[in-house]
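**Student:** The primary structure of each chain is shown beneath.
Protein chains: 2
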Amino acid sequence: MADIATRVWNHRWKIDPIVRSLIDTDFYKLLMCQSVFRNKRDTHVTFSLINRTKSVPLADLIDEGELREQLDHVRSLSLTRGESTWLRGNTFYGKRQMFRPDFMEWFETLRLPPYHLERKGDQYELTFEGAWPEVMLWEIPALAILMELRGRAILDRMKRFELEILYARAMTKLWEKIERLRPLENLRIADFGTRRRHSFLWQDWCVQAMVEGLGPRFTGTSNCLIAMRRDLEAVGTNAHELPMVYSALAEDDAALARAPYDVLADWHEEHDGNLRIILPDTYGTRGFLDRAPDWLAGWTGIRIDSGDPATGAETAIDWWRSRGEDPSTKLIIFSDGLDVEKIEELHRQFSGRVRVSFGWGTLLTNDFRGLVPDDALAPFSLVCKAVAADGKPTVKLSDNPEKAMGPEAEVARYKRVFGVGEQERMEVVV
Amino acid sequence: MADIATRVWNHRWKIDPIVRSLIDTDFYKLLMCQSVFRNKRDTHVTFSLINRTKSVPLADLIDEGELREQLDHVRSLSLTRGESTWLRGNTFYGKRQMFRPDFMEWFETLRLPPYHLERKGDQYELTFEGAWPEVMLWEIPALAILMELRGRAILDRMKRFELEILYARAMTKLWEKIERLRPLENLRIADFGTRRRHSFLWQDWCVQAMVEGLGPRFTGTSNCLIAMRRDLEAVGTNAHELPMVYSALAEDDAALARAPYDVLADWHEEHDGNLRIILPDTYGTRGFLDRAPDWLAGWTGIRIDSGDPATGAETAIDWWRSRGEDPSTKLIIFSDGLDVEKIEELHRQFSGRVRVSFGWGTLLTNDFRGLVPDDALAPFSLVCKAVAADGKPTVKLSDNPEKAMGPEAEVARYKRVFGVGEQERMEVVV
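Sequences listed follow chains A and L, in order. Under our numbering, think of the first position of the first sequence as 1, with each following residue one higher. Under our numbering, think of the first position of the second sequence as 1, with each following residue one higher.
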C-alpha cells in the first residue's frame with residue numbers, strides 16, 4: 001500500500017514513467033496488431049484522442065511538457081528479451097505460438113511512431129499517423145498516460161497522509177465490491193481496465209485483489225505486462241478498430257456492407273475457440289446479426305459493448321436460436337461500463353441461459369468516485385480511435401448514439417448502408 | 001501503510017519486539033513514578049494482570065515462550081541518551097524540568113524488575129513484585145504486549161493480502177471517525193490509547209491521522225515515545241493506582257478515609273495548572289467530592305473515568321458551584337470507553353458549560369471490530385493493577401461495580417468508610 005502512496009508522493013520530484021513496457025497494453029491490441037500486420041500492414045491510419053467528457057479540461061490540468069516527456073518515454077521503449085520470450089513461448093487461450101515468428105521479429109524491433117500534440121483551448125489534440133500496425137499500438141499507452149497525468153494533477157495537491165487515506169479508502173471500496181461478487185455462482189470475470197486505469201500500480205493492485213478475492217472466478221487480465229508478471233491469463237479478442245478501418249477502406253457501399261464480415265473472415269482464418277468472439281455493435285447489432293453469414297453463428301460467443309446490455313444479450317440469444325444454435329453453449333461477454341450492480345443484475349438474468357463472462361474495465365481499475373473534493377478523480381470518458389484510413393474518415397455508429405463518431409455525411413451513409421434507424425441514447429459514464 | 005502490513009507479515013519469521021523503549025508508555029506513569037519515587041519509594045507492591053473478558057482465552061492464543069521473549073525484551077531496555085535528553089529538556093504542560101535530576105538519575109539506570117508468569121487454565125497469571133516506582137512501570141508495556149500478541153495470534157492466520165485489506169479498512173474506519181469529529185467546534189481531544197492499542201505502529205499511525213485530521217484540536221498523546229518522535233505534547237496526569245496504594249497503606253479507617261486526599265495533597269505540592277486534575281471515582285465520585293477539602297475545588301479540573309459520564313460531569317459541576325467555583329472555568333476530561341458517538345454527545349451536552357477535553361483510548365487505537373471473522377480482533381478489557389501494597393490488598397470501587405476489585409471483605413469495608421451505596425452497573429467494553 002505505502003508503495004503506491006509513496007510512489008505517488010514521489011512523482012512530484014522526479015519523472016516517473018507511466019508506461020514502462022510495450023506490453024503494458026491490452027492483449028487484444030497485440031492479437032489485432034498481428035492480424036493487421038498480416039492482412040493490412042500498409043494501411044495508413046490516423047488515430048486521435050477524443051475526450052468525450054468536455055468538463056475535464058485536460059490541457060489546464062496536465063502540463064504539456066510533462067505529457068511530452070511521458071509520450072517520448074513510450075517512444076524510447078522496445079520489447080525486452082523477457083517480454084519477447086513470454087509472447088513467443090507462453091500459452092494463450094490454451095494455444096502455443098499464438099504470435100508467429102514473422103510478427104515477433106517485426107515487434108522486437110518496433111519503436112512507436114511520432115505523435116502530434118497541440119493544445120486546443122482547454123483540451124489537447126493528440127494524433128498519431130502512420131502504418132496501421134505501428135500506430136494502433138499507441139492507443140492504450142496514450143490513454144493510460146492521459147488518465148494518469150490527470151490523476152497526478154489532482155494527487156499533486158494532496159499531502160502525504162491524505163494520499164494514504166485516499167488509497168486506503170479506494171482499497172476498501174474495491175474490496176467491498178469484490179465481496180459482493182463472491183456469492184455469484186459460476187462467475188467469470190476479467191480485468192479490462194488498462195486504458196482508463198488510475199495508474200499502473202493501482203491496476204496491478206486491483207488485479208491482485210481480484211485474484212485474492214475471487215480465485216479462479218477471476219479469469220485473467222487484458223494487461224499483458226501484469227499477466228506476465230503475475231502469471232495470469234492474458235485475455236481479450238478484438239475491437240472496433242478492425243471493422244472501422246476495414247469499412248473506411250471500402251470502395252463502395254456494397255464493399256462497405258461487406259467490410260465488417262471481411263474482418264471476421266480474416267479473424268476466422270487465424271483464430272478458433274475462445275478467440276472467436278463477435279463484436280457486433282460497430283454499425284448496429286441487430287442489422288449486423290441479421291445479415292451475418294451462417295458461419296458466424298458457429299462462433300464461440302459475442303461481446304456486448306454498447307447499448308442496453310440485456311437487450312443486446314437477448315438479441316444475440318434470439319439470433320443464435322434463429323440460426324439453429326444452442327444459446328446455452330454460447331458465451332456472452334459484457335464489457336460496457338460495468339460496475340457491481342450491473343454485473344449482479346446481468347449475472348442473475350443470463351447465468352444458466354448462456355455462458356456469461358464479464359470484462360470489467362474502468363470501474364474496476366479507476367473507481368475513485370467520491371474520494372476527493374469535487375470528485376476530481378472520478379473517471380471520465382476518454383478514447384483514442386482510428387479516425388482515418390488511407391485518407392478516408394472512419395465511422396462508428398455503435399448501439400448508443402452517444403458513442404457514435406465520424407463526419408455527419410458519412411454517418412448518414414453508414415446508417416443507410418447498415419440499415420440503422422432510431423437508437424436509444426444512453427449516458428456514457430466511462 | 002504497507003509498512004504495517006509488511007511488519008505484521010514478517011512477525012512470523014523473526015522476533016519483532018513489541019515494546020522497544022522504556023518511554024513507550026503513558027506520560028502519567030512517569031509523572032506518577034516521580035511522585036512515588038519522591039513520596040513512597042520503598043513501598044513494596046504487587047501488580048497483576050487481570051483479563052476482565054474471560055471469553056478471550058489468552059493462554060490458548062498466546063504462546064508462553066513468545067510472551068516470555070517479549071517480557072524479557074522489556075527487561076533488557078534502559079533509557080537511551082536521546083530519551084533522557086528529551087525528558088530532561090522538553091517542556092511538559094508549559095513547564096521545563098518537569099522531571100527532576102534525582103529522578104532522572106534513578107530512571108537512567110533503571111531496568112524493570114522480574115516478572116512472574118504462570119499459565120492458569122486458559123489465562124495467564126502475570127504478576128510483578130517489588131519497589132513501587134519500578135513495578136509500576138510494568139503496567140503499560142505488559143498490557144501492550146498482551147494486547148499485541150493476542151492480535152498477532154489472529155493476524156498470523158491471515159494472508160499477506162488480507163492484512164493489506166485489513167489495514168486499509170481499519171484506516172478508512174478511523175478516518176471516517178475523525179471526519180465526524182471535525183465539525184465539533186472547540187474540540188480538544190488526546191490519544192490515551194497506549195495500553196490497549198492494536199500495536200505500536202498502529203497507534204503511531206492513529207496519532208498521525210489525528211494530527212492530520214484535527215490539527216490543533218488534537219492536543220497530544222499519552223505515549224511519550226510517540227510524543228518525542230513526532231514532536232507532540234505528552235499528556236496525562238494521574239491514575240487510580242495512587243489512591244489505591246495510599247489507601248491500602250492506611251493504618252486504620254480514619255487514615256483510609258483520608259488517603260485519597262493525601263494523594264492529592266502530595267500531588268498539589270508538586271504540580272500546578274493542567275496537572276491538577278482530580279480523579280474522583282476510585283471510591284465513588286459523589287462521596288469523594290462531598291468530603292473533599294476546599295483547596296481541591298480550586299484545582300483545574302476533573303477526569304471522569306467510570307460510571308455514566310454525563311452524570312459524573314453534572315456531579316462535578318454541582319460540586320464546583322457548591323464550593324463557589326465557576327464551572328465554566330473548569331476542565332472536565334472524559335476518558336472512559338469513548339467512541340465517536342459518545343464524544344459527540346458529551347461535547348454537545350457540556351461544551352460551553354465547562355471546558356471539555358477527551359482522552360480517547362482503546363477505540364482510537366484498537367478499533368478492529370467487525371474487520372475479521374468472529375470479531376477475533378475486537379478489543380477486550382485487560383488491565384494490570386496494583387493488587388497489594390506492603391502485604392495489604394488494594395481495593396477499587398469505581399463508579400461502576402463492574403470495574404470494582406479487591407477482596408470481598410475489604411470492598412465492604414471501603415464501601416462503609418467511603419459511604420458508597422448502590423451503584424449502577426454498566427457494561428465494560430474496553
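Treat the hints with care, as some may be off.
Because identical chains cannot be distinguished in the list, a pair is counted as satisfied if it fits within a single copy or across any two copies.
[What the hints assert, rightly or not] Here are the simulated DSBU-like cross-link-like pairs (lysine-lysine), alpha carbons at most 30 Å apart as the crow flies:
#, residue 1, residue 2
1, LYS54, LYS385
2, LYS173, LYS342
3, LYS392, LYS173
4, LYS392, LYS95
5, LYS159, LYS173
6, LYS40, LYS385
7, LYS415, LYS385
8, LYS95, LYS120
9, LYS342, LYS40
10, LYS40, LYS173
To be clear, the hints were calculated from the coordinates, so they are not data collected in a lab.
**Student:** Hints first: check each against the structure and report whether it holds.
**Tutor:** Against the structure, the hints come out as follows:
1. LYS54 <-> LYS385: within (17 Å within a copy, 65 Å between copies)
2. LYS173 <-> LYS342: both (16 Å within a copy, 27 Å between copies)
3. LYS392 <-> LYS173: Classified as neither; 45 Å inside a copy, 56 Å across copies.
4. LYS392 <-> LYS95: Answer is neither; intra-copy 36 Å and inter-copy 81 Å both fail.
5. LYS159 <-> LYS173: both (21 Å within a copy, 19 Å between copies)
6. LYS40 <-> LYS385: Within one copy only: 17 Å inside a chain, 82 Å across chains, cut-off 30 Å.
7. LYS415 <-> LYS385: Only inside one copy: LYS415 and LYS385 sit 19 Å apart there, 83 Å across copies, limit 30 Å.
8. LYS95 <-> LYS120: neither (46 Å within a copy, 62 Å between copies)
9. LYS342 <-> LYS40: neither (37 Å within a copy, 70 Å between copies)
10. LYS40 <-> LYS173: The answer is neither: 44 Å in one copy and 55 Å across copies each exceed 30 Å.
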